[in-house]
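J.: So the chains spell out like this:
4 protein chains.
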Amino acid sequence: MPVAAIPPLIIDCDPGVDDAHALFAAIGARQRLGLEAVTVVAGNVGLGFTRANALRIRDATGLDAAALPIHAGCPAPLTGGTTDAADIHGQDGLDGAGLPPSRGDVEPAHAVTFLIERLRRAAAQGRPVRLVTLGPLTNLAAALILAPDIVDGLLEVRAMVGSAARGNITSAAEFNAFVDPEALDRVAAALDVPDDVAPRLHVYGLTLTHTVCADAAEIARYAALGTVPGRAIAGMLGAYLSRHRTPPLPGMGGAPADAAPLHDPCVIGHLLAPDAVAGVDGRMTVVLRGPARGQTLASFGDGAPAAGRARDVRVRWMVDGDAAALMAALRDAVADCDPV
Amino acid sequence: MPVAAIPPLIIDCDPGVDDAHALFAAIGARQRLGLEAVTVVAGNVGLGFTRANALRIRDATGLDAAALPIHAGCPAPLTGGTTDAADIHGQDGLDGAGLPPSRGDVEPAHAVTFLIERLRRAAAQGRPVRLVTLGPLTNLAAALILAPDIVDGLLEVRAMVGSAARGNITSAAEFNAFVDPEALDRVAAALDVPDDVAPRLHVYGLTLTHTVCADAAEIARYAALGTVPGRAIAGMLGAYLSRHRTPPLPGMGGAPADAAPLHDPCVIGHLLAPDAVAGVDGRMTVVLRGPARGQTLASFGDGAPAAGRARDVRVRWMVDGDAAALMAALRDAVADCDPV
Amino acid sequence: MPVAAIPPLIIDCDPGVDDAHALFAAIGARQRLGLEAVTVVAGNVGLGFTRANALRIRDATGLDAAALPIHAGCPAPLTGGTTDAADIHGQDGLDGAGLPPSRGDVEPAHAVTFLIERLRRAAAQGRPVRLVTLGPLTNLAAALILAPDIVDGLLEVRAMVGSAARGNITSAAEFNAFVDPEALDRVAAALDVPDDVAPRLHVYGLTLTHTVCADAAEIARYAALGTVPGRAIAGMLGAYLSRHRTPPLPGMGGAPADAAPLHDPCVIGHLLAPDAVAGVDGRMTVVLRGPARGQTLASFGDGAPAAGRARDVRVRWMVDGDAAALMAALRDAVADCDPV
Amino acid sequence: MPVAAIPPLIIDCDPGVDDAHALFAAIGARQRLGLEAVTVVAGNVGLGFTRANALRIRDATGLDAAALPIHAGCPAPLTGGTTDAADIHGQDGLDGAGLPPSRGDVEPAHAVTFLIERLRRAAAQGRPVRLVTLGPLTNLAAALILAPDIVDGLLEVRAMVGSAARGNITSAAEFNAFVDPEALDRVAAALDVPDDVAPRLHVYGLTLTHTVCADAAEIARYAALGTVPGRAIAGMLGAYLSRHRTPPLPGMGGAPADAAPLHDPCVIGHLLAPDAVAGVDGRMTVVLRGPARGQTLASFGDGAPAAGRARDVRVRWMVDGDAAALMAALRDAVADCDPV
Ligand SMILES: [Ca+2]
Ligand SMILES: [Ca+2]
Ligand SMILES: [Ca+2]
Ligand SMILES: [Ca+2]
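Chains as they are written, first to last, in our numbering: chain A, 1 to 340; chain B, 1001 to 1340; chain C, 2001 to 2340; chain D, 3001 to 3340.
Please note that the accuracy of each hint is not assured.
Partner residues are not named here, just some residues of chain D that face chain A (Cβ under 7 Å, in silico) [said to hold, decoys possible]:
#1 G3080
#2 H3110
#3 A3189
#4 R3316
Since the hints were made in silico from the structure, they are not lab data. Just so it is clear, CB atoms sit at the ideal spot from N, CA and C, and this is done for glycine as well.
My request is simple: use the sequences and hints to build the entire structure.
T.: As structure tokens, this is what we get:
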């Protein structure tokens, strides 16, 4: 499509090993993808780390604040509690990356303020923004609390979040949904559409991401790129694999034990390779209370309903992916990062 | 094993097409299985129908009340609400069976009273009972409410209930668990054991039963038995298949669209063919509130915990089955029913 | 009214100091009240104690099993958990009563079985029973679980339970409601009636009972009776007062600090002095979950609704009492107990 | 106290009849009270109306944006739902006030952005702000979501919210708490302090405000002031009384049927007459789910605990007021408004 037709892209994330991987790929393909800005939120690690990590990643690609502004957002979920995943991503969130501290800084505007202003401008210009979220959805939910009208400036939200079957941080819930289920529920409700309209919330959950896994051979390919981003990704995935072996779930499939599911990169991979993921339209209910807190109940056109009186909103479930095509697209994009 | 070592067997059920199938097989093998009595509960259809159906099934095998006493139990779940599955099993619960009304009657004692007396006797005699439940667990839960000491008379409970992944009546919940989640929670808590003791509650959920499906060929084999039970099963499965095609769930496996999952028979099949099902010890939390009501959150030895503050009790998850072996064992047992 | 018109009375209780007081008064007036039987349940103390205490109280009035049969019921709430109030009522539940162990025993039939049989007989005879409940409502709820048809044998249920404002065991919940809210909810739902029918569930909650308090002078009047029941009541209330001083709640009224609220006796007092309590018809919702668990939300004809999606059932709130008249009626009835 | 010692005062409100009354009094005494700014939120009526009403009230006192800046905040509660009280306050929220549309406008900065910047400045200067909230607490909660550090700039929050006993919009919940319980819970948690520290959240609930009621005589006194604010208050209270007669709650006290409870003015009245209200330190739990949603469970030093696992935070319950002193202080302050 002509450049003029590319919607502006903002990535909201909580780097995090897989966020870093996704960001390197998005930066490598930033012109094709229309990448304009990055916002960060607390999630895999605290906001101090996710902010610092976003800056370290930008440095590693040779970009500066003018080329890719970064805004820091909310330091805790809507309810004020906290959960992190430092056991998976390492103390600073980028274990194994070998990236130095950043020389740069984030923009003065809070991510929520930035999102409100940018999306209002998008609505005014009739050129709505594509938002990719790779962490808890606190920033977008907070922006909607202050200014619900910003939905008019959103083309769509593609979120790495949830699962149509089992979870990972609990047996019911995926990490990003579990950390701030109220935020996910708020965003989903704001983006709801009637049944005859294409869903505006695209859910890239564990059902998809557990089928897109990097093994030792894939890690070696990144190392072989010989670039700072390539080596960083190889180092992080290696550290990840050494720490986190997905246990086999009897009778339930899942990722192989010696490969790392590439959660966040799946969303960027799909933008790079539009045919590599198939979705199915359905509905999602976010469980807010009880032992299943953070679960994303999934229903499909002809399946059992996601019962109950909670909000059941229309989404597109991304459930089938061509893992090889996604991984190749990601690798190529990372290879396109400018040499530092 | 020697006959003396066979534990007494009681089957609590809500017939229902698949209960009928299971009962025919259990009656055919009643001496091998130590089958003593049947109790019925509201579930697939109302108690008036489940009681009548249990009697019709007994008649079809030529047995009488002396050979197989039947006790009627609770007409509604613990909380008093009701849900049925007449859309699946037909108005009277045995659509397609072609069985005439019964000439017999149930015993005067309420199923709950019977269970309390029988289990107390079992405890006093040091010969605990094996209980198989094929419907909502209301009867056993009510017995535990009146007399919690009866756990001492229970060897184990093998329950067709729940799912370690998705549900069927809602995207989260399996039917038996959904109809009376408070009962399942009560029973599970009463049967909880420490981590170093073998679980006393064995859960045969959809994860297993969706892999044991009867297709047209299997139905033909039942018809070919030429007996009343064989023709009844063939008729019911045929009607079931004509009414209920399991929809394909994108990216999630599940039963083939043109075959009927044999939920309840799986438990009896496993008693008949002990090597045909593999279980894994873990824990289960029953979701009582919210949109996931009736869900059975599953955790395994090395998987993600079934998080939250609810009761998380030790169970054995039956997750892998040899469908051919189970179906053959069931068929052989049905063939052994006495000619009427 | 003529004796023939007196409905049969059954008292379900968990003695307990105030249950004992209520039982002595009811036994003293047993012919006027039509008292037939007593059932006991776990509550203030465990079932072992409440059963023993009911027998000790019967002994102290010179009655035997033929004159007043006692049936033991459920040893724990519907969900299986337990809460007691031994800190208020003493280790054995009758601290200060000075009553010896009983020589008698309870009937062989479980209280739930007894209630089912008696209420079915009442329905068949067209002579429905008045049930007074002075403890958690587990027994009646369990009977309804086994046999919902028994509502036809119930004239009305008069329950000491709940509060139209603040609670006592928590700031939201009264003790009997808190111990088994699922039972109260089940009973209330079973007794619900349309808005143009007189409520069948009469709620004697803290709003009433906190206005009917015994002080030192009232205690002295019981001691002056010179009978075993009189001295037992004086001893129990004295011990109660020495242990439990109701704290003043700023700005919220409530019982005086040096007087004991006569919770359970209020119901019997009202039967003895029908003009001494005024009720108002309204609705009640039982809170089952969260920090307000066990609360009984009250709405009146023209007040704010008891909002939410929970069961909101029609009840009569007993809210205004003539404390002096109630206490005089109770004292007179206790004085009428036969000398032992 | 010397002027230098007066903490800066910000009033967050949702005018609303009683907010208008409170604002007129606060503006009349603005120098004594240190009033700096007003923020508005959706509540009694939608944000469009509450914003317009705050401007109309400012106009009626002859002030302009320089003297009293007004910032518009969130148009809906944190979860995105809405509830209003237009049945009480009239279609535009100020029924009966007779105030013309405003000539002025609100500040460009969102109330949440303003609060964050002002409170951070307060923290930096060591001169923390006193915040009075007279509506749902959405604005402050949203500010805490974006920037939890702003608690350091808060001296205290005095909130008209909740009840230590019954509610008004439901039998359990007061209006401001019911509209956004998640916001109240978030604010309360952020302001929690250890038991040996004076509470920072002062709760002016229905327990107090139902004892401070304006009758016809009080309304006449406002009319007699002969000023625009006086006539507006008289007009609004008259319209309120004609529309909303508090029903008598049997056995439960409450406001007289022919007088209007002055909810919001109580907080300002207390600032004007510090001895006219007595508080008691205790704890508060906000009920977020179920039929009691929005209830504020109250416990006091020596009362029953606000049970459960929810957040139970330290607050000061304002429970006893000198109604005459409060009403006199309010009237005097309104009389001090500059003539327009
Ligand atoms: Ca992430
Ligand atoms: Ca069944
Ligand atoms: Ca009692
Ligand atoms: Ca207000």
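J.: If a hint holds in the structure, say so; if it does not, say that too.
T.: The hints, checked one at a time:
Among the interface hints, the one on D/G3080 holds; its C-beta lies about 6 Å from the nearest C-beta in chain A, closer than the 7 Å criterion. A least Cβ separation of about 6 Å between D/H3110 and chain A falls short of the 7 Å threshold, and the interface hint therefore holds. A least Cβ separation of about 6 Å between D/A3189 and chain A falls short of the 7 Å threshold, and the interface hint therefore holds. Residue-level restraint check for D/R3316 is violated (minimum Cβ-Cβ distance to chain A is 21 Å; threshold 7 Å).
The structure shown violates just one earlier hint, number 4.
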